[in-house]
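Q: Please model the entire structure based on the sequences and the hints provided.
Residue 59 in UniProt numbering sits at position 59 of the sequence shown, with consecutive numbering throughout.
No wet-lab data here; the hints were simulated from the structure. Each hint can be trusted.
Between beta-carbon pairs, the in silico distance windows are:
| no. | residue 1 | residue 2 | range |
| --- | --- | --- | --- |
| 1 | His103 | Gly18 | 27 to 33 Å |
| 2 | Ser46 | Ser99 | 29 to 35 Å |
| 3 | Tyr76 | Ser16 | 16 to 22 Å |
| 4 | Asn93 | Phe32 | 21 to 27 Å |
Every value quoted in this text rests on a predicted model; they were computed, and no experiment measured them. By construction, the Cβ of each residue, glycine as well, lies at the ideal position given by its N, Cα and C atoms.
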Amino acid sequence: MVVSERFESRVSSEVSAGGEELVIRVAGNFDFNVHRDFQRAYRNVSPAPKVFLVDLSATEHLDSAALGMLLLLRDYCAELSHEGEQPRVELMNANAHVSHILHVSNFDQIFSIC
1 MVVSERFESR VSSEVSAGGE ELVIRVAGNF DFNVHRDFQR AYRNVSPAPK VFLVDLSATE
61 HLDSAALGML LLLRDYCAEL SHEGEQPRVE LMNANAHVSH ILHVSNFDQI FSIC
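A: Now the structure itself:
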């Protein structure tokens, strides 16, 4: 597992054995305070995975900054599409509160939410 440099980071990432998936986990509040760590979790992973999974199982709350970060991740994946098929972004394991925020924000129209 690759963990951001900051000891107290609430963001961690792990590439699957075959390199096809990158799992990004956010613990606690997903807000502006983790934007650098969140971006570091997916930038410069080589080769680029086919699926970016954002595991929200330990996320207690997310705000508008977090929604923006998810959109930036989607845009980053679109930039990678020139190398072939565009990687997918999937949001997974959200609790009822986080899931409600995602649905009210119509993120179920943009992302696959499992």
